[in-house]
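Below are the chains, spelled out letter by letter.
2 protein chains.
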Amino acid sequence: MLIPERDDRQVADALDYMRRFFAETVAMDDAEWQLGLPYFNVFQAPPKTCLQPQGEDVEAHYFVVKGLVRFYYNTEDGREVNKAFYADNHIVGNLSSIILSEPSRYCIETLEHCLLVRLPLKVWQQRLNTDSAWNRLFDRSCQLMLVRNERREAELMISSAGERFRRFVKNFPDYLDRIPQYHIASYLGITPVALSRCKADWLREK
Amino acid sequence: MLIPERDDRQVADALDYMRRFFAETVAMDDAEWQLGLPYFNVFQAPPKTCLQPQGEDVEAHYFVVKGLVRFYYNTEDGREVNKAFYADNHIVGNLSSIILSEPSRYCIETLEHCLLVRLPLKVWQQRLNTDSAWNRLFDRSCQLMLVRNERREAELMISSAGERFRRFVKNFPDYLDRIPQYHIASYLGITPVALSRCKADWLREK
DNA sequence: TGCGGCTCTTAACCTAGGTTAATGATCAGC
DNA sequence: GCTGATCATTAACCTAGGTTAAGAGCCGCA
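Just so you know, the protein sequences line up as chains V and A, in that order.
Count along the first sequence from 1, then add 1; that gives the number in this note's numbering.
Count along the second sequence from 1, then add 1; that gives the number in this note's numbering.
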């Protein structure tokens, strides 16, 4: 999965994006960044690559430099429910499974050809757990996820399918083209058929 | 709101419950506990007391020693949605508003006559923010809330009203008697009428 | 070039749960 | 005791969204 012909430039760029992201979210300085740097792997993955299988231990966070990833879980009756999408310049972590230190309840899968950085959890826990910036990063991620979850909950509780769809295309204008509709439907908590109806209404009144 | 005739015994007991709760959740030792102790207020509140009005700055966390409290938000069309209930021996905090440092999106209201401990946020932020146990407590609360939120989200996405009701009475057997049904309905994301139907089914097959 | 898979759309039908409204039960205040 | 609120129940009806199924566009591959 590593880039076949080593493209140093791309790797450097990827890490630099990630560094800036961390610097912004938890005010990580350069020394702190250097602490983690040796342990990250930059790699590419084609669409439909599974980064985190369900039921297995969480081994890493991922930073999406470029591309698009979905975060989902399985229901007892065998359906998949998309909980979130993460695109360029976002970090994906299986936070609740880490918090509970239990095998992963969630899966992560690429939807596009992706450029990713892998942050092994073991390193984090063994080498970076004494460093405040890296701890802050985990805590801050939990905080932001909490906020995100609450927004989503309220949206699911309050809004109709049509409203949810409209807000979705407004908030993520490009996702409608980048993500198969059945995945969007699952994210919105409706069936693909219903999504298609919402979309038709939305097109009509545009 | 302070206990009219000072009941030192009750106050001591309340604080002791809280201390044990903190010791369990974040391994807080006695020295650390003593740091916060002088700043807490133990008080009683009758039912329907508002502890956190919507849109105002968050001023405190609350520890529910005894009684029952609901945590809710208002929709644009004037309905209230219950997001959680907190009973004996739980802490209630307006976490997401604190995280975003924005005026409270949520309200807190007592449902029963309560014995509460108020933990002023200012103290937390000004005097306890250097102490690791008190920081851990906030971070840990966020983590547990995150997990709780994800469970709730999955439940809302996957289960029918009837299933949600059944799980509710199973998980919180006493709440059906302690909480008015229209509040439970709101928590479950259904109308009181629908709740009544679920309950009738449930009684029938018991 | 044609074929087999996917994905999306549309239509017809069905159902869980919303809405409205009437009826009781419980309780507080007088 | 009666009266008016507040809450729960039940029934009748309605609708958003689920289900099923058929067709159309598209893409990869032989």
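Simulated from the structure, these hints should not be mistaken for lab results.
Everything numeric in this text was worked out from a predicted model, so none of it was measured.
Keep in mind that a hint or two might mislead.
[Claimed, not checked] Away from chain V, derived, C-beta distances all over 12 Å, residues of chain A:
id: 1; residue: Phe22
id: 2; residue: Glu77
id: 3; residue: Asn90
[Unchecked claim] Some chain A residues well away from chain V (every beta-carbon gap over 12 Å; in silico):
id: 4; residue: Asp14
id: 5; residue: Asn42
id: 6; residue: Thr50
id: 7; residue: Cys51
id: 8; residue: Tyr74
id: 9; residue: Ala134
id: 10; residue: Leu177
[Unchecked claim] With a Cα cut of at most 20 Å, we get these calculated SDA-like pairs of lysine to any residue:
id: 11; chain 1: A; residue 1: Lys84; chain 2: V; residue 2: Glu154
id: 12; chain 1: A; residue 1: Lys123; chain 2: A; residue 2: Gln35
id: 13; chain 1: V; residue 1: Lys84; chain 2: A; residue 2: Glu81
From the three backbone atoms N, C-alpha and C, an ideal C-beta is built for every residue, glycine too.
Report the numbers of all earlier hints that the structure fails to satisfy, in ascending order.
-> Hints 2, 8 and 13 are the ones this structure does not satisfy, whereas the remaining hints hold.
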